[in-house]
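Chemist: Place chain U on chain E using the hints.
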Amino acid sequence: MKSPVYITGASMIGPQPGFDRDGLERVVRYDAHPLKSIEPDLKRYIDPMRGRRMAKVARIGIGCGLNALERAGVQVPEAIIVGTGLGCMESTERFFGSMIQQDEMLPNPTAFIQSTHNNVAGQLALAVKCTGANFTYLHRGLSFTSALLDGLVQVGLEGARHVLVGGAEVITEDYFITQRHSGIWKQGSVTNLEVLNSADRGALCGEGAAFFVLDAQPRGERPVRLADADIAYRGGAEAMAARIEEFLQRNGLQSADIDLLMVGRGGDAELDQAYGPVEALFPDATVAAFKHLCGEFYVANAFGTWLTWSALATGALPAEAVLRGVPDRPFRTALLCDHFQLKDHSLVLLRS
Amino acid sequence: MSHDRVVITGMGIVSAIGHDARSNLRALLEERSGIAPITRLSTRFRGEIPAGEVQLTDDALGALAAPSSMRGWTRTALLGLAAIKEAIQQSGIEHRSPRVGLISATTAGGIDKSEPIYTRFFEEDPPDEVRQYIGTHDPGEHAERIARELGMSGMVTTISTACSSSANAMILGTRLIRAGLLDAAIVGGADALCRFTVNGFNSLMILDREPCRPFDRRRAGLNLGEAGAYLVIEREDLARARAARSLAVVSGFANTNEAFHATASSPDGEGALLAMTRAIQKAGLTAQDIDHVNVHGTGTLNNDSSEGKALMRLFSDAVPPFTSTKSFTGHTLGAAGAVEAIYSALALMEGAHFATLRFAEPLDEAPLTPVLRSSTGHRIRHVLSNSFGFGGNNTALVLSAP
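For the protein sequence lines, the chains are E and U, in the order given. When the first sequence is numbered by the working numbering, its final residue is 354 and no position is left out of the sequence of numbers. When the second sequence is numbered by the working numbering, its final residue is 404 and no position is left out of the sequence of numbers.
Quick caveat, the hints were computed from the structure, so don't treat them as lab data. Check each hint, because a few of them may be wrong.
[As the list claims (entries may be wrong)] Mimicking SDA-like on lysine to any residue, the simulated pairs with C-alpha atoms at most 25 Å apart in a straight line are:
hint: 1; chain 1: E; residue 1: 4; chain 2: U; residue 2: 240
hint: 2; chain 1: U; residue 1: 87; chain 2: E; residue 2: 279
hint: 3; chain 1: E; residue 1: 58; chain 2: U; residue 2: 138
hint: 4; chain 1: E; residue 1: 38; chain 2: U; residue 2: 124
hint: 5; chain 1: E; residue 1: 345; chain 2: U; residue 2: 68
hint: 6; chain 1: E; residue 1: 345; chain 2: U; residue 2: 316
hint: 7; chain 1: E; residue 1: 58; chain 2: U; residue 2: 264
hint: 8; chain 1: E; residue 1: 58; chain 2: U; residue 2: 137
hint: 9; chain 1: E; residue 1: 4; chain 2: U; residue 2: 180
hint: 10; chain 1: E; residue 1: 345; chain 2: U; residue 2: 100
hint: 11; chain 1: E; residue 1: 131; chain 2: U; residue 2: 266
hint: 12; chain 1: E; residue 1: 345; chain 2: U; residue 2: 151
hint: 13; chain 1: E; residue 1: 131; chain 2: U; residue 2: 268
hint: 14; chain 1: E; residue 1: 58; chain 2: U; residue 2: 124
hint: 15; chain 1: E; residue 1: 131; chain 2: U; residue 2: 138
hint: 16; chain 1: E; residue 1: 131; chain 2: U; residue 2: 316
hint: 17; chain 1: E; residue 1: 38; chain 2: U; residue 2: 268
hint: 18; chain 1: E; residue 1: 4; chain 2: U; residue 2: 151
[Unchecked claim] Far from chain E, some chain U residues (derived; all Cβ distances over 10 Å):
hint: 19; residue: 29
hint: 20; residue: 65
hint: 21; residue: 131
hint: 22; residue: 146
hint: 23; residue: 256
[Claimed, not checked] Computed footprint of chain U on chain E; a stretch qualifies when at least three of its residues, placed anywhere within it, have a C-beta under 8 Å from a C-beta of chain U:
hint: 24; region: 121-135
hint: 25; region: 138-149
hint: 26; region: 153-164
hint: 27; region: 193-206
hint: 28; region: 232-239
Note that beta-carbon positions come from the ideal geometry of N, C-alpha and C, so glycine has one too.
In isolation and in its complexed conformation, chain E is listed as follows (with noise of 0.2 Å):
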């Protein structure tokens, strides 16, 4: 990078409380799935007449990329960068619904105004009246962290400043349903502080958004830096260790730099075996997991990221969260491993 990327600002909702705050103010159990996200009172940032008629993840994904404007203290961004796996599949869902229904009678508009998957983004510009680039990401594992490597890019190599970007998600009913047969979730229900020993197959189903702003100078008292990303599809359980080494030394890291390791176990017997070989880098790392308290879903790693982040920012990271090694010093440098059914691959380097 020509410059250094810091994150200066940070937001999430999900299924977790942490709205409006630096990290999770408490962890949620739940003992069924789908985890949904509770939602905050976003009044100033939506007419709640019109939150009502939006979908939800138009609702979770503006307000939650204006909080995290307003907590970086920007008004009006340079750029808005959004990672959604399904967009706005509610809607399209609805149109799709209306139109077979009614044998293609005129379907309503509305809805397929709001299916056009850069509805999130398109919403934001115009909610901060924002006419620099737009772009959205659908790209299923790596739809966040691909917008995350564009505001990387755009700040850290391109000169932007203050760039937003951020991932967003809800699995509609319908989508859960249909995907029964992926294996993706699991079919019976447990709970989820406990999902990461399970013996079977899938993980638990959630949604929720997590944004940031990327800027070249830093704010804040305990400024974390967006050091580097990398996305990478297929390679299987065996080029994941490989490839984290390979990004390690790009960064002039060696794995005992690393005194955070958060990886994407999500409950899934087989998939999460990926992990081992990676935990074994680090044996010096804590290492910690956030899907079981946010469930997996397309942008899963969005939250990851912010909770690592959070680790960074505070200093803490919730007992619940921490698999291996329990702290016993600031964290300095994080890396987020993730890999989506083992074929989306993304790594995200955090320093303090």
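Modeler: Okay, now just chain U, sitting in the frame of chain E:
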């Protein structure tokens, strides 16, 4: 020659006017439109609403794209695979290198295959003819499938920003190459015609019941189309080192947001003007350097009026020859930006201005006449290509002769 120069070394396209770049060029020069009443898509509007359908059944398209197995391939993914194979072949790039990315774009993804059988997705134990398409609904699926089929090992991602999607894929690829993250990228988009988009645009009442008439006073909306269109772009020095022919330079680009309205363009063309101005600046050029414009030109009342005013504000009384090739292909949505980037590159390579079909009378508010007849032999150094989308998303690209 610098690391900053990104060049096009391969192009592939399947559209309503041809199944490869050469046949697309021939149709453009011979002024043969691909817009006709819908015959292939199963919809109540068959025979009533015209569209730019690719004249291949799914099986014939499968034979053209030739995936290793047809299981789970949507029409969108097949359009993409066929176009990408052509682009790779022309370029000669080693696409399996981890330094080569795939950046694809779509608006409807694989909906073309899920919409006829959607209710069956909910069956207790759906048969394979249904089950193979359950996971093909989301936009990213086609890109993963194509990357897997072609054995690609570099970065893969999908952009969906409505009608500017694949122009934005061009921008991202160019930026990542300039930033040194990639050596080359396959960029473009694919969208199959489907009932979802036909009904969506029909519900907005912006579908012309006749073949569309971009920039004409009596225009009555757009025609939808379908296409797959991809370009291989790479660092100029690396292209030269492997003796690949450079077809055009991606010299300027800009993506801006109008922040005006969820679907409409501002009446004075502010957003279009900003995108065009910044793209020309980025190329280190001035408006006078632009020799040809491939306009967004959908044929809707709103777009053409707004874009026409923006052209007049940018070029004053010297608007260069401009064309809406959507009068040939229809609006191919997520593929449109790449379709028109390919046509823009062909205009550069052939010294060609392509016609805008069915134009009769200019607009009052922007009295501009597009290119009326296709012709070659012109000196064209720099082409501007516009792609505007819902959500106020405006993109302009500048392609230059190598």
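Chemist: Against each hint, give a clear statement of whether it holds in the structure.
Modeler: Checked hints:
no. : hint          : in the structure
1   : E:4 / U:240   : holds (23 Å)
2   : U:87 / E:279  : violated (37 Å)
3   : E:58 / U:138  : holds (23 Å)
4   : E:38 / U:124  : holds (22 Å)
5   : E:345 / U:68  : holds (24 Å)
6   : E:345 / U:316 : violated (46 Å)
7   : E:58 / U:264  : holds (17 Å)
8   : E:58 / U:137  : holds (22 Å)
9   : E:4 / U:180   : holds (13 Å)
10  : E:345 / U:100 : holds (15 Å)
11  : E:131 / U:266 : holds (15 Å)
12  : E:345 / U:151 : holds (14 Å)
13  : E:131 / U:268 : holds (13 Å)
14  : E:58 / U:124  : holds (23 Å)
15  : E:131 / U:138 : violated (35 Å)
16  : E:131 / U:316 : holds (22 Å)
17  : E:38 / U:268  : violated (38 Å)
18  : E:4 / U:151   : violated (36 Å)
19  : 29            : holds (30 Å)
20  : 65            : holds (27 Å)
21  : 131           : holds (14 Å)
22  : 146           : violated (6 Å)
23  : 256           : violated (8 Å)
24  : 121-135       : holds (count 12)
25  : 138-149       : holds (count 8)
26  : 153-164       : holds (count 3)
27  : 193-206       : violated (count 0)
28  : 232-239       : holds (count 5)
Hint compliance for this structure: hints 2, 6, 15, 17, 18, 22, 23, 27 are broken, all remaining hints hold.
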